[in-house]
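Residue numbers (our numbering), protein chains in the order written: chain A, 6 to 99; chain B, 6 to 99; chain C, 6 to 99; chain D, 6 to 99.
Hints in this document: simulated from the structure, not taken from any laboratory. Heads up, some of the hints might be wrong.
[Said to hold, decoys possible] Derived SDA-like pairs: lysine to any residue, alpha-carbon spacing no greater than 20 angstroms straight-line: (1) C:98 / C:63; (2) D:52 / A:55; (3) B:98 / C:19; (4) B:98 / C:49.
[What the hints assert, rightly or not] To give an idea of the chain C side of the interface with chain B (calculated C-beta under 7 angstroms), a few residues: (5) 66; (6) 74; (7) 77; (8) 82; (9) 90.
From a predicted model like this one, the values you see are computed outputs, not experimental measurements. We put the beta carbon where it would ideally sit given N, CA and C, even for glycine.
4 protein chains.
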Amino acid sequence: MRGYSMERDDYLKRLKRIEGQVRGIQRMVEEDVYCIDILTQISAINKAMQSVAVGLLNEHLHHCVANAMTEGDAGEIDKKIAEATAAIERLVKS
Amino acid sequence: MRGYSMERDDYLKRLKRIEGQVRGIQRMVEEDVYCIDILTQISAINKAMQSVAVGLLNEHLHHCVANAMTEGDAGEIDKKIAEATAAIERLVKS
Amino acid sequence: MRGYSMERDDYLKRLKRIEGQVRGIQRMVEEDVYCIDILTQISAINKAMQSVAVGLLNEHLHHCVANAMTEGDAGEIDKKIAEATAAIERLVKS
Amino acid sequence: MRGYSMERDDYLKRLKRIEGQVRGIQRMVEEDVYCIDILTQISAINKAMQSVAVGLLNEHLHHCVANAMTEGDAGEIDKKIAEATAAIERLVKS
Numbered sequence: 006m007r008g009y010s011m012e013r014d015d016y017l018k019r020l021k022r023i024e025g026q027v028r029g030i031q032r033m034v035e036e037d038v039y040c041i042d043i044l045t046q047i048s049a050i051n052k053a054m055q056s057v058a059v060g061l062l063n064e065h066l067h068h069c070v071a072n073a074m075t076e077g078d079a080g081e082i083d084k085k086i087a088e089a090t091a092a093i094e095r096l097v098k099s
Numbered sequence: 006m007r008g009y010s011m012e013r014d015d016y017l018k019r020l021k022r023i024e025g026q027v028r029g030i031q032r033m034v035e036e037d038v039y040c041i042d043i044l045t046q047i048s049a050i051n052k053a054m055q056s057v058a059v060g061l062l063n064e065h066l067h068h069c070v071a072n073a074m075t076e077g078d079a080g081e082i083d084k085k086i087a088e089a090t091a092a093i094e095r096l097v098k099s
Numbered sequence: 006m007r008g009y010s011m012e013r014d015d016y017l018k019r020l021k022r023i024e025g026q027v028r029g030i031q032r033m034v035e036e037d038v039y040c041i042d043i044l045t046q047i048s049a050i051n052k053a054m055q056s057v058a059v060g061l062l063n064e065h066l067h068h069c070v071a072n073a074m075t076e077g078d079a080g081e082i083d084k085k086i087a088e089a090t091a092a093i094e095r096l097v098k099s
Numbered sequence: 006m007r008g009y010s011m012e013r014d015d016y017l018k019r020l021k022r023i024e025g026q027v028r029g030i031q032r033m034v035e036e037d038v039y040c041i042d043i044l045t046q047i048s049a050i051n052k053a054m055q056s057v058a059v060g061l062l063n064e065h066l067h068h069c070v071a072n073a074m075t076e077g078d079a080g081e082i083d084k085k086i087a088e089a090t091a092a093i094e095r096l097v098k099s
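Can you build the whole structure from these sequences, using the hints too?
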């Protein structure tokens, strides 16, 4: 179990919607839609993507803590938190 | 002409690639891939999307200035710049 | 005239407030305030800073377009827009 | 202990530097420095601030996990992770 299996369908539904929005932008570019409207749509995709990322991160943190409590391997836990922090940093900067 | 028509094929190619990356994330979720690897992939999509947005914005600004020089309608120009600024603000906050 | 001189006092007031908020965070760290409350304060500073940046950018774009209309030096205009785009890109990525 | 006390001096040093950078921007505005140079400086401050935020978050997560292991109060842990996730979301969106 990776920690996000329970809500997998919810994530897939949101990712399908994002995929559709990216295709929508392709259509907008093909049809020469006004640039500002395309930028608005890109901002909406960014927000939807961030929301997926924050959801995954939340479950990952729960999973890490649950693991820490049952296994308690300090070295492994440090590694996991360093990994999570690096992922957060990439998200904040992207 | 919307200002980005000349490089339309380049934008479409990049958006197709982003669409493929979003589908890749769906596969990762279905296959229970490690959460941190999915987050890394999401950060890559965000960066690719921002790069498309900045490209579109650049061409839009060129277009606005070119229009300003040939038509010189001050009210129209103010409206365009306000619109571009609002789009930049949405991008910076998304 | 750099394009933002008219509202200079407004910018200075907002920057003074941001400076005070940064000092506030120093106090919070010194007094061992709860980490999450410090992070909330940092997010508020980021938003205030972005708002200053978007304001400056808006005036800069107005200024560029106004210059383009009176001087109309195409090479100079291209340079200005490239510069503004690069600044936007740094903001979006920071 | 709030989890970041050990490196408190490091945080204070970085926050002092950020405070100085904010004052630097005030001087730039007063002296009518070129707008793009001010924006570059704002991007640098944003990055420095994010780096402080990610550092605090990292220590907070370590602290939460350490607490979870010694105290193991599931309700309390859920609350902490929800709180940390909300802070991450605010940072990603700011």
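A quick look at each hint next to the structure:
no. : hint        : result
1   : C:98 / C:63 : holds (18 angstroms)
2   : D:52 / A:55 : holds (19 angstroms)
3   : B:98 / C:19 : holds (19 angstroms)
4   : B:98 / C:49 : holds (12 angstroms)
5   : 66          : holds (5 angstroms)
6   : 74          : holds (5 angstroms)
7   : 77          : holds (6 angstroms)
8   : 82          : holds (6 angstroms)
9   : 90          : holds (4 angstroms)
Hint compliance for this structure: no hint is broken.
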